[in-house]
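*Asks:* Residue-level listing of the chains:
Number of protein chains: 4
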Amino acid sequence: MSPSKKVGILGATGTVGQRFILLLADHPVFTIHALGASSRSAGKAYKDAVKWKQSRAIPANVKDMTVKACVAEEFKDCDVVFSGLDADFAGEIEMAFLKADLAVFSNAKNYRREPTVPLIVPTVNTSHFDLIPQQRALHNLKKGFIITNANCSTTGLVVPLKALQDAFGPMSHILVHTQQAISGAGYPGVPSLDIFDNVVPHIGGEEEKMEFEASKILGGVTADGKEFAPLNNMTVSATCTRVPVLDGHLESVSVKFVNQPPPSVEAVYEALDKYTCEAQKLKCHLAPEHAIVITKESDRPQPRLDRDNEKGQAVTVGRVRKCPVLDLKFVLLVHNTVLGAAGSSVLNAEVAVSRGLI
Amino acid sequence: MSPSKKVGILGATGTVGQRFILLLADHPVFTIHALGASSRSAGKAYKDAVKWKQSRAIPANVKDMTVKACVAEEFKDCDVVFSGLDADFAGEIEMAFLKADLAVFSNAKNYRREPTVPLIVPTVNTSHFDLIPQQRALHNLKKGFIITNANCSTTGLVVPLKALQDAFGPMSHILVHTQQAISGAGYPGVPSLDIFDNVVPHIGGEEEKMEFEASKILGGVTADGKEFAPLNNMTVSATCTRVPVLDGHLESVSVKFVNQPPPSVEAVYEALDKYTCEAQKLKCHLAPEHAIVITKESDRPQPRLDRDNEKGQAVTVGRVRKCPVLDLKFVLLVHNTVLGAAGSSVLNAEVAVSRGLI
Amino acid sequence: MSPSKKVGILGATGTVGQRFILLLADHPVFTIHALGASSRSAGKAYKDAVKWKQSRAIPANVKDMTVKACVAEEFKDCDVVFSGLDADFAGEIEMAFLKADLAVFSNAKNYRREPTVPLIVPTVNTSHFDLIPQQRALHNLKKGFIITNANCSTTGLVVPLKALQDAFGPMSHILVHTQQAISGAGYPGVPSLDIFDNVVPHIGGEEEKMEFEASKILGGVTADGKEFAPLNNMTVSATCTRVPVLDGHLESVSVKFVNQPPPSVEAVYEALDKYTCEAQKLKCHLAPEHAIVITKESDRPQPRLDRDNEKGQAVTVGRVRKCPVLDLKFVLLVHNTVLGAAGSSVLNAEVAVSRGLI
Amino acid sequence: MSPSKKVGILGATGTVGQRFILLLADHPVFTIHALGASSRSAGKAYKDAVKWKQSRAIPANVKDMTVKACVAEEFKDCDVVFSGLDADFAGEIEMAFLKADLAVFSNAKNYRREPTVPLIVPTVNTSHFDLIPQQRALHNLKKGFIITNANCSTTGLVVPLKALQDAFGPMSHILVHTQQAISGAGYPGVPSLDIFDNVVPHIGGEEEKMEFEASKILGGVTADGKEFAPLNNMTVSATCTRVPVLDGHLESVSVKFVNQPPPSVEAVYEALDKYTCEAQKLKCHLAPEHAIVITKESDRPQPRLDRDNEKGQAVTVGRVRKCPVLDLKFVLLVHNTVLGAAGSSVLNAEVAVSRGLI
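Chains as they are written, first to last, in full-length UniProt numbering: chain A, 1 to 358; chain B, 1 to 358; chain C, 1 to 358; chain D, 1 to 358.
FYI, nobody ran anything at the bench for these hints, they're computed from the structure. Among the hints, a few may not be true.
Said to hold, decoys possible - Derived list of chain A stretches under chain B, where covered just means 3 residues or more per stretch with a C-beta under 8 angstroms from a C-beta of chain B:
| # | region |
| --- | --- |
| 1 | 64 to 70 |
| 2 | 225 to 237 |
| 3 | 326 to 335 |
Claimed, not checked - Example chain D residues on the side facing chain B (calculated, C-beta under 8 angstroms, incomplete):
| # | residue |
| --- | --- |
| 4 | P188 |
| 5 | F196 |
| 6 | P244 |
Ideal Cβ placement from N, Cα and C applies to all residues, glycine included.
Looking at chain A on its own, in the form it has when it is part of the complex (with noise of 0.2 angstroms):
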């Protein structure tokens, strides 16, 4: 890979922040350089602003990095700048950001539905990089772009679908019930007395996520690399629950193609088996060795077996079966903080560098 890039880091007292400063502390091409947050922890080291909830230490070089407020000037130096701010903050920073010609690669959700800023999911929709000069031309950049990664579920969703599709043609429908982790919601995030020896059948705007981010991810971009274009002819119904879990959401997923009739249950699992994507073929860092694991007990994926496959950057699927109502179903698991979260910017970052935007 090329030689190392300084990256900053926005929100780096958050939950999405300390899961990017583990992932970056001993990365091979990416140096910590810059930690934002918000004013109340400007100033102070990074070791005395953060509530720290990892179970590995803060890095040793990270500890005692003087906190910066989230302003483009203190991180003009950054080759990329990693956001992992809150939707309420993020829409301003990271347009301020993008506007002083910077990398952008937010966790937000605020500029998803952007016509012309990348959804990308690492092993799905990297070829989404193409419409960058197109937004670059819009905002009158010369290295600077803002790409996003999507919402923790909708990326464990979109990585077997993906497979799917690229092996049997479009789905025509998509019946998906999600079981997330607590985590999910960051800190404090879910309180104790609501989540626990309980299930919480709803997550605020989650299923509109899913339901809209799943057909913008697997569809193309439009041959003069202007626009994306969305599937719109894949209905997409979620269920998104929450479950007393620390890490890794479940998604049950229950599928129909349009070619009838559809592939036989060992065709799919020979589909999942056999698929790879760019950030392996370009041997990343951070690509897993195989980008969708396969389990054949019956009672797997779990949560706390399958989250940590492929350090996190894998989804895990097993139970390929028949649907009585539409014509396949499986279940399957992403490590929402890891492939849902931080580990989706880093990885797509390492995407970047080499095809040369970074």
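Starting from the structure of chain A, add chains B, C and D where the hints point.
*Replies:* This is chains B, C and D only, laid out in the frame that chain A set:
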């Protein structure tokens, strides 16, 4: 109601048996007369034979009753026999009790598929008691018969489905995803190492049970009272998972109606709200005031907050909304060890008494 | 008991306030007359102001009551005012209510250390009501007064200690380790990410509270009725931890007696069993039949199985055995939101009514 | 270190056995040579015999090894035999292996009280290996011997106690309260219905083990190398509870020193911080960099955040403060399945190799 009836409980030391005892301890019609358990327990005082796991203490009048072996001779004075036996033993023992002309209400799965055995959810299809004369004729019995209640997750499902079917005609497709409580697996049941910080996306045989039982329960009895007429045109697809919740199965359901256009969300809420059943009309002791409790908050029903609605004999339904793939979707909650098990049996028996079958 | 008394509840929308409402909904003596909460809630119907988190529904007669601001003028018709206010607000508001000559029963810590404010656990030291005339004289009041109940973990501790002290004389040393439920921290309280798959070995201020309060509660009132006589020769060492349990504080206690040799294990069980208190003798509505419930199984008491003993108004004690370091050790359980909070206040008020103080 | 040693694992399919396999998979000195399990498993490939419950996959080189019966003949080529056998079987099997002149490192309790069997916590009392010649003489062995590691909760306790004893002389009284993880009970172990939303204040035999073992481990070996000299003047009082935590035993400890006045809190922190052990000096592979990790935050150590400190081979200590009843108190955390079980055995074996015993 009629004068006191003597009841026996088979499998009295197990999880379901303990629930029977609590439900029957102060019952206005039924008096606990005999307790049956394994030969290891037979001869002991109940309090010494049982590993009592309920938060209410063993009722005083039961504590010192002597446990009997599960042989019909010991239960011949019983007007009603409730069986909480495991499937491994239920087949043989319940058949022996039936042949001894006893009235058996079983929680086990063994006879649910029998052509002359009613599979009754007390707030749904007590009309299936109409087949008892046919069953008695077949076995040459005077007062004995056997009925079973449904699997706990099926029980939750069919209550709102019956209300919808009555109001809007048959449904062609049902897609259901369950999140089932650990108490559904009995004791010792699920090892803590399997379910702690985890979800298990499979419960052996459960999906098949739901797909079969729903169709028998929601179907009718032929005009000659000799056979069941299951809904063979209704297709059910179930995914069943185990979650770290103590009591209460949560189910996410999508349905498609035969008659198009489907009812509106408002019409569905109205139909659910107005639904009543025979057990309510007969003013049975354990009949819920509302067979279906409706929650309108966006994040309900929830197991911990809603499982005790109507003392566990109601099904709570919320989040009725359009389904982009089928017609409508909603979330339901059923107390798996009350309406989903012992509570169904006792209410079924109350209806049978009122119908003069006992 | 005496005719109906009007009661007000301060902090009515909070966790303790919700418990007050459930305890008072069908009370034979007290009638809910006024509900007070923050200015944000004042003016709203209770059902709109509250985030109701109980498994029983809001009582019908409370649902539509208009919430008032916590100003004494609005509560002037109340015979009793129960306060579930946070310590941040309780100090000022409760003092204003006291000065308005109202009878205040507080759950907050603010006045527990005041020399003329009784700190009363209703099954232990209702004799401390004897100081009310002195308090009234001090503040120049006719019918008003303020008493507080104890911290939830102290409450559990002092009940068996009082029984032992009555039977065997004073103790010189108490070493106590608590495992406290999440509901003790209110709502939103403990973030799920902090307590899930975890124990937190510290609760701010809790150890100091236990070490101070036990000595005041177990002490007496001076002969002239003007001062408390705390047990200054009893040393308490507390370690307080938070565990992933919904309700019920478990405490492991080792004690050393002044009088040697210490009582036998059998003598201790007998003393605990025979213990009764004034609230029982007065036949107060919420008085437990047994102030101390004894469990003899080797693995009891347990929070989930024993917290509802005597509707949460008892302390359950088990595992009495010799302590190789001090004299004797045992395990106790108290329902932290019933006897440990609202249940204490209401029972204290019942005693006050019987004593003619209200 | 010395050249590769062949190791066998008894009870290889159990919980402790699985941990052994993970610890030994890439070990620089030990090579897995033979796996032993029950006759039910013998003859099967390991991956078919085991119910694998770890979040890391079965190591590739172990997956297809054929499981053997636990008979010494099958393990005669092994330089080291690790036993993760249940106490029900360990007694007889381990004795047979010893008599076959094999070096056995046992996790079972069976031989911990034997007068010539060292009970070794590898960061505390590897000096007890000095008794091996005496043990060999007794059993007439050339290279075989048996040592055991301690109970998991004792292991956590003795590490800081050894540091204190070395620095400040003997302690006369120890009062310890444990909150132990479910993994300590093996698989299937604790039923979820027993521990969910609950604490169980009793673990059979655990309190007695702690009270005995601490005194043997912290004691020495007589000058002639023929006997252990346990600390008979140190009194230990233990209360052991099970909490809903996956891994990591938390212990609250109060101590009284023989030498008065006792050390200050600062002196204790310094002594804990400076403590080192033979395994560290020998630079053993699994020796922690710090045998004791100190946390200074008021709410640490916590199981989920601190159990993996030093890969589970350290004991983490915090909250050192004065105890009003004894002298000082503190909280410690030990990873029960690493240092508390398999990790102790492997590190003990590493020390034995360095000492030339193997």
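*Asks:* Decide, hint by hint, whether the structure agrees.
*Replies:* Right, here's what the structure says about each hint:
no.	hint	result
1	64 to 70	violated (count 0)
2	225 to 237	holds (count 3)
3	326 to 335	holds (count 3)
4	P188	holds (4 angstroms)
5	F196	holds (6 angstroms)
6	P244	holds (7 angstroms)
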